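Given the coordinates of chain A, work out where chain B should sit on it, guided by the hints.
Going down the list, the protein sequences come from chains A and B.
Oh and the first sequence: position 368 is 1362 in this note's numbering, straight run, nothing missing.
Oh and the second sequence: position 190 is 1184 in this note's numbering, straight run, nothing missing.
These are computed hints drawn from the structure, not numbers from a lab.
Computed from a predicted structure; not experimentally measured.
Just so you know, even glycine gets a beta-carbon here, dropped at the ideal spot from N, CA and C.
A couple of the hints might just be wrong.
For the chain B half of the interface with chain A, some residues (derived, Cβ under 10 Å), not all of them [stated by the list, open to error]:
1) Asn1020
2) Ser1021
3) Asn1030
4) Ala1063
5) Ser1065
6) Ser1092
7) Arg1099
8) Gly1104
9) Ser1107
10) Thr1201
11) Gly1219
12) Gly1221
13) Ile1247
14) Asp1314
15) Leu1316
16) Gly1327
Protein chains: 2
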Amino acid sequence: MIYLDNAATTLHKPQCVIDAVVCALNSMGNASRGANDCALQASRIIYDTREKLAEFFGCSRPDHVVFTANSTEALNIALSGVFHPGDHVITTDCEHNSVLRPLYRQQEEGTISLSFVPADPMGRVNYNDFESLIQPNTRAIVCTHASNLTGNVIDVARVGKIARRYNLLLIVDASQTAGVIPIDMEAMNIDILCFTGHKGLMAPQGTGGMCIREGVEIRPFKVGGSGVHSYDHHQPQPYPTRLEAGTLNGHGIAGLHAAMEYLEQVGIDTIHQKEMALMTKFYEAVRTIPGVTVYGDFDSPRTAVVTLNIDQEDSAAVSDALMEDYQIATRAGAHCAPRMHQALGTVEQGAVRFSFSWFNTEEEVEAAIRAIRELAE
Amino acid sequence: MIYLDNAATTLHKPQCVIDAVVCALNSMGNASRGANDCALQASRIIYDTREKLAEFFGCSRPDHVVFTANSTEALNIALSGVFHPGDHVITTDCEHNSVLRPLYRQQEEGTISLSFVPADPMGRVNYNDFESLIQPNTRAIVCTHASNLTGNVIDVARVGKIARRYNLLLIVDASQTAGVIPIDMEAMNIDILCFTGHKGLMAPQGTGGMCIREGVEIRPFKVGGSGVHSYDHHQPQPYPTRLEAGTLNGHGIAGLHAAMEYLEQVGIDTIHQKEMALMTKFYEAVRTIPGVTVYGDFDSPRTAVVTLNIDQEDSAAVSDALMEDYQIATRAGAHCAPRMHQALGTVEQGAVRFSFSWFNTEEEVEAAIRAIRELAE
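Extracted from the complex, chain A is given alone in its bound form:
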């Protein structure tokens, strides 16, 4: 099988990640619960992973790296923990439901009001819109780093400059970019960065987290056992404990730890270049096939995603044919990005997404090109 659904989850994990999970499953206690050797070993590897992530993302405080089950949880914690009644929030048409639904919920509850930076039919935003939507009560900009549907990257550093100028919080969904495109919270003026482990970071599912700039206050989301201050009625205030009730996924985090080492060794620029070469080869070939419509902006920075349709064919039917007749795994349908589909005009048809990873090959790309050519005929 040729797996080209890496924007949903990277199927292939480096062997060192698998080895680290196995090692943890054989030896790891419960971090922060007790001081026996197994518990301390778990605490050490978890803290070391915080340090690696902090350095990787330019977060000044390793203890402000909070682990979650995935980026959806990180976004829920961030978006339900920072706003106050009356706040206005700016976000974009490019967002995934993991951003949209937490925001809609607070809009419906009457806590916040929302404005959307529109996307054009190529999925692009106009950076002036971020500024023109600012109101006196605007508190934050919430923005994906790259669309999961088009692969278009938003220039977060540019958005960060606007956020800083108007003293707004910048909350970034890095689900599609962490591990693939460099992120520096300090340089980009990001206040809260939410990421997942199982995509570009090539770590196990069930891992992810958020990096919080020093001084940014987020209210607890889950509360419960913390291993410290057991007699308080409240979750302890210091990060990361404030946002990490319950036993962490230590086994998964051990895998994330190994994944971070792997990324350090290989270098994410090397990874991104290879992914982009595969993506470009595919894009250049399929864009000229009669009947094929490719979505997104290929003249600006992007991730290794090519999303397309063939004539008016239902995207699920195309994706199914790719799987059944060519053993090529893609994703079709709505991609949890409703406003993006509205911008692209693909609400009814959906779209077929090809997403490439470090572990794909040129031969796989060539097979995918042949398949699209045949299906389009």
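For chain B alone, kept in the frame of chain A given last:
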């Protein structure tokens, strides 16, 4: 090292669990995200795990089995998702902070009022208190199945009869019992059962969940990507999607799946008998050592936990000595169970907990007995 901290997390996982995680790390796509073979394989193993858990816990609907990162998350979802302003809730002194803190939070927010069934100095509850605390606005009883500190089991079936008679919800924290003591939601009248994977179920960290009786309504906690109904502003209503935003920990759940098969094969009665034999051997030996105080009720059903102190010695010092001088891993301190310590009179001293698992041996118990005897001298 002799690992006797299994109530915090079971260190030793069955080999089939490790193998299943490795297999998943090599082959698993993103469940419910697309229809390619890898995604479908993930969906199948996850649904099959729901079925196994539903059968194991006597939950009539596999689609009412919701996966979470741990029991703390399950309890947060349950306890923040069922109450309405003005509700009165009965809970017990035996609870862990994963129950207490979500309840305290809602008490402080003015949503609910709380009453506690007291525990006596042996950590026992009086079942009549559940009934005598009921008020006209009582909505639920929230109750642990077994204390993480004393190992005392609460007769949930008996509490369930009271809950049913007064039409109250019964929400049970099975963190210490799932996989060790039989649970039948139907027979015990449990409405919401919260469990973790990494303790008695011998599954990876980062797994856990809740089983919901048909007809019980819980509001969404996290919201976001669901893979279905992408154009709705709200999280989809059907369980389990209602409570499962974001990518599940498929790799961990694959391990949980294997763990459920292991438990089926070995039989949890067999496991419990062995654990209880180890625990009893330890208890009978240490209880007679001068200076040793053992906490809890050993004349009623219980888990394989023995918690003790030596004279007035600080529990952390004893636990450290066990680790350093005898390579025995235990847990000391407050155990996230503040009201239980108050009942036992161990707020200052804490207590040293020995918790036994299926993978411990008689020789390990004998070494632990020798260690306590020497430390007490």
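Consistency of the hints with the structure:
Hint status for Asn1020 (chain B): holds, given a least beta-carbon distance of 7 Å to chain A, under 10 Å. Using the Cβ-Cβ criterion of 10 Å, the hint placing Ser1021 (chain B) at the interface with chain A is satisfied: the shortest such distance is roughly 7 Å. Below 10 Å, beta-carbon pairs count as interface contacts, and Asn1030 (chain B) has one with chain A at about 3 Å; its hint therefore holds. Hint on Ala1063 (chain B) holds. Least Cβ distance to chain A is approximately 5 Å, under the 10 Å limit.
Given hint, Ser1065 (chain B) at the interface with chain A, holds; its Cβ is 7 Å from that chain's nearest Cβ, closer than 10 Å. The restraint placing Ser1092 (chain B) at the interface with chain A holds, with a minimum CB-CB distance near 3 Å, inside the 10 Å limit. Contact between Arg1099 (chain B) and chain A, as hinted, is supported at the beta carbon level, the nearest pair being about 6 Å apart and thus within 10 Å. Evaluation of the Gly1104 (chain B) hint against chain A yields a violated restraint, the C-beta minimum of about 15 Å exceeding 10 Å.
Restraint check, Ser1107 (chain B) versus chain A: the minimum CB separation of about 15 Å is more than 10 Å; hint violated. Restraint check, Thr1201 (chain B) versus chain A: the minimum CB separation of about 8 Å is within 10 Å; hint holds. Below 10 Å, beta-carbon pairs count as interface contacts, and Gly1219 (chain B) has one with chain A at about 4 Å; its hint therefore holds. Using the Cβ-Cβ criterion of 10 Å, the hint placing Gly1221 (chain B) at the interface with chain A is satisfied: the shortest such distance is roughly 7 Å.
Hint status for Ile1247 (chain B): holds, given a least beta-carbon distance of 8 Å to chain A, under 10 Å. Here the hint on Asp1314 (chain B) is kept, as its CB sits about 7 Å from the closest CB of chain A, short of 10 Å. Taking 10 Å as the C-beta contact cut-off toward chain A, the hint placing Leu1316 (chain B) at the interface holds, the least distance being around 8 Å. Among the interface hints, the one on Gly1327 (chain B) holds; its C-beta lies about 7 Å from the nearest C-beta in chain A, closer than the 10 Å criterion.
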